[in-house]
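Asker: When you get a sec, could you build the whole thing from the sequences and use the hints?
Residue numbers (the numbering used here), protein chains in the order written: chain E, 10 to 418; chain R, 824 to 980.
The set of hints was computed from the structure by calculation and includes no laboratory data. Since the model is a prediction, treat every value here as computed from it, not as a measurement. Every residue, glycine too, gets a C-beta built ideally from N, C-alpha and C. Take the hints with a grain of salt, since some may be wrong.
[Said to hold, decoys possible] Simulated crosslink set (BS3-like; lysine-lysine; CA at most 30 Å straight-line):
1. E:215 x R:977
2. E:215 x R:832
3. R:889 x R:960
4. E:281 x R:875
[To be verified] A few chain E residues that don't get close to chain R, going by computed Cβ distances all over 10 Å:
5. 13
6. 36
7. 78
8. 142
9. 214
10. 281
11. 318
12. 385
Now for the letters of each chain:
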Amino acid sequence: MGALTDKYCIVGVGETPHLRPSNRTTLSMACEAVRNAMADAGLKPSDIDGMTSYQAADSTTSGHVATALGLRLNYCLDILGGGSSTEALVAHAIGLIEAGYAKTIVCFRSMNGRSGRRMGGQIPGGPIPAVNAEGDNQFNMGWGWTTPAQRFGMSAMRYLRDTGCTTKAFAEIAVAHRYHASLNPKAIHRSPITIDDHQRSRWVVKPFRLLDCCQETDVAAAIIVTSRERAYDLRHPPVFIMGGYARTMTESPQWNYSRPVLHYVAGNYGWKRAFGMAGITHRDVDFISCYDAFTFTTLIQLEANGFCRAGEAGEFVKGGRLQIDHELPSNLSGGHLSEGYTHGVQMVIENVRQLRHRADDACPDWREGKHSYDRSAGCRQLRKAKICCGMAWGWENMGSCLVLRGMAA
Amino acid sequence: MAVTIDYSKLRILPDPDTREWWEAARQHRYLVRQCKRCGHKWFPPNIPACDKCTAMEISWFETAGKGVIHSYVVVVQPIVGAFVSSVPYVVAIIELDDCKEADGTVTRVAGVLTNAEAEVAIGLPCTVLFEETNDPKIVMPRWRISGEADDTWKFSE
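Answerer: Here you go:
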């Protein structure tokens, strides 16, 4: 186990509702999410002395949020980031506290991901102005290849060819995550779906159908990290950070389609370090979360992080394996595919709530910390939720993960 | 001809790293980047340093514009206005025949295919062609399937 294992904890989480549209600014939403996370932890503004955030030039800054909420920061940093930045910023927070830059750090993401700037193009259905293709975009937008779906689709197509997997495996993931969303009052889409529903849904970009793609929403979310000593005094039992990584591929640190295997991702190079630091094996993991921007990204994260061998994820997910009460429940809030899209944060938040045994589901008694574990009554709290592995991003340029444990583990 | 792109809705803006590439395309030449120090080749050409040896002394390699389809997608829902009237269209990643390096690296490029979805498959050979656009400064390289192959794979719905 690593020297930092269990030394730092996640003590507060909070978010705004997933909406489309929010009719709010990213600053307003960020303030609410951070305030909710402070309330969740039982912390006052004067207790927070560090703040980090990530964005894709589509959000507000730590300075704005801290000013609005009356926080006085010893450390603040806003980065350009994507889907693996949540776990990376949590790891960064550990380093900052360890080095003495701050004592309690909030990491946030705020985005009008539906009504504001959308990734990879223009707004379908709206007026279509001329668009400039500059920088990287000269060599993708120029031939109509811009959206994350179009670009992940290229890796997915090659994956299907290389492994013999079919889109029925994609469907398994859509069905599992939607089932979890059906137990989540906050989720955008709560109607359960079947494999056939997936297979009949319309094409977006082959090999992806509508039900392979995440739900773009307007939302903000925040996570508070502090030391174990401070964590014990707060409102909820701490969730311990056992291990993690945030890194690029060895061969190719940035979008590069000449890399040897188009569907190899950074996780292939990180998980041994994370699991070694945590002192666990895959068998110790009770549930997982993954960056399900697309169904396919779940498959490659399972392989990249060693839950199954390369090329075998399609078989691995069959028969509802990723569903609650099966072998390896995944994305228990419904994830990006069904709950909404926070650019990676909501998985960490859900994992924290599950490890506290406080999943905010439709179960009538959960506010007292009691769960019926009765799925037909709307309960999505896992009975055995001691250790989880949260995996983020399915591309070569950055991957990350966090291994977390609750008090009982 | 399946793809009609409206370049009045999509302005390509060459920059100091890419101006020569677009100029070569106007002359119907297809370039990839090449490192002057180690000879490594890469694409896209806006990357200004060699990812094998870090050299920034870089030049160009003029390819014959022939390769094999490594992967592809079929865009059904357009998201950039210039492509609204083109769907469904195929974008492919192509391995260039004349850019194979001793260590096994093959330079891959991306581009839109002129062929329809029904004809595309991984493993098929294709050739570049150059098309005038309604932007007089931009000639756009496209790719067309130019032969058959034994070992091909096609997406099955």
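Asker: If a hint holds in the structure, say so; if it does not, say that too.
Answerer: Do the hints match the structure? See the list:
no.: 1; hint: E:215 x R:977; result: holds, 11 Å
no.: 2; hint: E:215 x R:832; result: holds, 24 Å
no.: 3; hint: R:889 x R:960; result: holds, 24 Å
no.: 4; hint: E:281 x R:875; result: holds, 26 Å
no.: 5; hint: 13; result: holds, 32 Å
no.: 6; hint: 36; result: holds, 27 Å
no.: 7; hint: 78; result: holds, 36 Å
no.: 8; hint: 142; result: violated, 5 Å
no.: 9; hint: 214; result: violated, 5 Å
no.: 10; hint: 281; result: holds, 24 Å
no.: 11; hint: 318; result: holds, 21 Å
no.: 12; hint: 385; result: holds, 35 Å
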